[in-house]
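Top to bottom, those sequences are chains S and H. The first sequence finishes on residue 1052 if you use the working numbering, and the numbering steps up by one all the way, no holes. The second sequence finishes on residue 221 if you use the working numbering, and the numbering steps up by one all the way, no holes.
Where hints are given, some of them may not hold.
[Unchecked claim] With a straight-line cut-off of 27 Å between C-alpha atoms, the simulated DSS-like cross-links for lysine-lysine are:
no.	chain 1	residue 1	chain 2	residue 2
1	S	Lys961	H	Lys167
2	H	Lys163	S	Lys961
3	H	Lys167	S	Lys959
4	H	Lys215	S	Lys959
5	H	Lys187	H	Lys41
6	H	Lys182	S	Lys959
7	H	Lys182	S	Lys961
8	H	Lys202	S	Lys961
9	H	Lys163	S	Lys959
10	S	Lys959	H	Lys202
11	S	Lys961	H	Lys215
12	H	Lys37	H	Lys111
13	H	Lys215	S	Lys1000
[What the hints assert, rightly or not] Only some residues are given here: those of chain H computed to face chain S with a beta carbon under 10 Å:
no.	residue
14	Phe139
15	His142
16	Leu143
17	Ala144
18	Ile147
19	Ala150
20	Val171
21	Tyr174
22	Arg175
23	Ala208
24	Phe210
25	Pro213
It is worth saying that the hints were derived from the structure and are not from the lab. Note that the coordinates shown come from a computational prediction; the quantities given were computed from them, not determined experimentally. Cβ coordinates follow ideal geometry from the N, Cα and C atoms, glycine included.
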Amino acid sequence: MDFFGDEEEYNTNVLAIIQRNHELVPGALCPAASATSSPSPRRRHRRRRSISMAGAMDLPAKGGFSFDLCRRNAMLAEKGLKMPGFRKTGTTIVGLVFQDGVVLGADTRATEGPIVADKNCEKIHYMAPNIYCCGAGTAADTEAVTDMVSSQLQLHRYATGRESRVVTALTLLKSHLFSYQGHVSAALVLGGVDVTGPHLHTVYPHGSTDTLPFATMGSGSLAAMSVFESKYKEGLTREEGIQLVSDAICAGIFNDLGSGSNVDVCVITKGKTEYLRNHQLPNPRTYVSSKGYSFTKGQTEVLSTKITQLEPKVEVAEGDAMEE
Amino acid sequence: MWNLFFSLVLSASYGSTLRYKSVERIKAVGKHSLIGASGEFSDFQEILRYLDELTLSDHMWDDGNSLGPKEVHSYLTRVMYNRRNKFDPLWNSLVLGGVKKGPKGEEKYLGMVNMIGTHFEENHIATGFGNHLAIPILRAEWCEDMTFEEAVKLVEKCLLVLLYRDRSSINKFQIAKITTEGATIYPPYSLKTHWGFAAFENPSKGAVGSW
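With the sequences and hints as input, model every part of the structure.
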């Protein structure tokens, strides 16, 4: 019970807050307060009853997924309750290692079931100046997990005074995802260049990772992987790498329904990162009306006009209305 | 000189066991067509029997005409769709191709039918995992007037990707070609695979616990 330091002190603080809020009689509810105000040695006996009367200030869980409500949820689902859905990104994300570093690519369509929720979203997330991460799966999960690890990396940089390493991000991500047993549905392609060289990893929702020369994730991963498997070779130049990544994402965009819109590319090399947002726009809006879409006065024929005052106009006779 | 060709893997699995490794899943139908199948092999054998009966009774008419690929495709579509309507499908995806001299000259045809009766005609067809892995490549790189060698290279590209990424494939393929001269089914052969990437040598060098 040493979570918040001394238990008595904790209890005192809790009761003090509740007392202030509810203006309770001092004596009745917090014998602890009177005990600590005296200089006599503190008694260590438990004040459980006062705590439970005061409210639900239980100690929070220490982390990881809490399975307490799973049985209830299963019972409700059996009885016919429709669970709320997730917004999945339905994605194509890819990464490859070329001779100087890493190229990451992603499409920009976010789907909510059969509907395109966002036609130009950003799936390449910032982790560190030299590390970026593409995310597939549930949009909220990828966003939250990459933000969280990005903050942790920043604190780590302050503590160590060094550039972040890709394995650090990898370990933080995989241990977080594993502790949630796959319920955090984030499938990531993590790439970056650090002192040890260029690295590319994939992270799966259950917490396993792969280290690969080229990787694809998401619903369009098979289409993109077919392009990589047929055209990848080691020692690609920067232009070849970007072209291959764009080709793979385009294969995902045109052959997978869950991916679409534009191609985002991120090139990471030693000391330099270039985030090419909307590097290719292969789905432009092709029909544009020749007459244009302005609706100037006079284009619509006016048949009759009637003006009705909604409120009677009040004339302020004297003085300034704001004076009072 | 139009020609068409098919390629497929010579394996037949029994659940998750790779039971048979020399199964020829392409057959010639009449003088003008080739049929290839994926799915339940016994149902494919039954379909071949139906096609034998069909070609035999067509031959007995002795009218100088023979069934072309379009006709055979139409027949198979009816068979598959009617079986599905009776809730007793033939569990296959069939690819049918052929070349026949028509009124406008030599006409080539490539189509597919699946177990629920969906049928269409296209310049490139794939079944199973090929839909996800091979069709993107074919859509990007197929063109109208390819030579036989170019077509073989393109198809081998697709087969290699499928070999790497489909767990039920093996490195034993067969190609069949059909032209106005007739059908040729080539003997089985293997493709060369490449596993020599630097990152495959020691993947946990940079990241312990990863592979």
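Which earlier hints can't be squared with this structure?
Structure breaks no hint.
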